[in-house]
Amino acid sequence: MTKFEHPLSADSCAPPLLTESSQEQFSTRVRNWIVAAVVVFVVVIVALALARVGEGEDVNSAEYRFKAASVGTQPSAPLVKAPVGIPSETVTAPSSGKATSREAPAAKGFTVAQAEQSMKLWVELWSARRTDDYLKLFDPSFPNRDAYVKNRAARIAAAKFIEVRIESPVFKDLGNHEIAVEFIHHYRSDTFQSRDRKELVWRLSAEGPRIVRERNLPN
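First residue of the sequence shown? That's 1 in the numbering used here, and the numbers climb one at a time after it.
Just so you know, the hints here were simulated from the structure itself, not pulled from any lab data.
Ideal Cβ placement from N, Cα and C applies to all residues, glycine included.
Treat the hints with care, as some may be off.
Distance windows between CB atoms, simulated [stated by the list, open to error]:
no.: 1; residue 1: Ala128; residue 2: Tyr148; range: 16 to 22 Å
no.: 2; residue 1: Thr111; residue 2: Lys136; range: 28 to 34 Å
no.: 3; residue 1: Asn219; residue 2: Lys172; range: 28 to 34 Å
no.: 4; residue 1: Arg155; residue 2: Gly175; range: 21 to 27 Å
no.: 5; residue 1: Gly175; residue 2: Lys120; range: 19 to 25 Å
no.: 6; residue 1: Gln114; residue 2: Phe192; range: 28 to 34 Å
no.: 7; residue 1: Ile45; residue 2: Gln23; range: 31 to 37 Å
no.: 8; residue 1: Gly109; residue 2: Ala158; range: 19 to 25 Å
no.: 9; residue 1: Asn216; residue 2: Leu174; range: 28 to 34 Å
Given only the sequences and the hints, what does the whole structure look like? Please build it.
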């Protein structure tokens, strides 16, 4: 007699058994889920801890400010840079909050730097044939000034061009607001050319540095 098997038998309805590879994959997924959950938990705990620390700092800062105000604590005076001319110093602002300022001491007498600028001006005005400005550099006390100025003005007017330059200047402080300058003088015009040693003596007056003496030196 032929045995008949129903299509919905107990064996056909049983779930399929997992293979070893399937079980390993399932286990790996479960471990990954657990690790991810632990990481999220740790991140949340750290975030909450940091938030509490920040709140604590804010409270402490506010409490410090309140205490400082209540006892009259004043911030330290700001440091202000010393004015130009007073190196390697720092000036502390007074309690009013305004920075103190000190003027650099004024130069006393006639300086070499002023004499250098005066020599430069003397050369430039003479070379540019600016007769009036050039002759103003000679002090009223200059020896025989009227005759000297008249002669020099005539020579400037007669020249079509003038080139003046100086070489190797030496400055000597004579005291009494006077500085002597020895130098090699180069002069060239359309009619005359020379090279000689000169000395100009400058004196600081109310109008500025002025020439009080001039002489030729032996070569």
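Going through the hints against the structure:
1. Ala128 with Tyr148: 16 to 22 Å: holds (20 Å)
2. Thr111 with Lys136: 28 to 34 Å: violated (21 Å)
3. Asn219 with Lys172: 28 to 34 Å: violated (19 Å)
4. Arg155 with Gly175: 21 to 27 Å: Given range 21 to 27 Å: violated, Cβ gap about 33 Å.
5. Gly175 with Lys120: 19 to 25 Å: Since the Cβ atoms of Gly175 and Lys120 sit about 23 Å apart, the hinted range of 19 to 25 Å holds.
6. Gln114 with Phe192: 28 to 34 Å: holds (31 Å)
7. Ile45 with Gln23: 31 to 37 Å: holds (33 Å)
8. Gly109 with Ala158: 19 to 25 Å: The hint (19 to 25 Å, Cβ to Cβ) is violated, given that Gly109 and Ala158 are roughly 39 Å apart.
9. Asn216 with Leu174: 28 to 34 Å: violated (19 Å)
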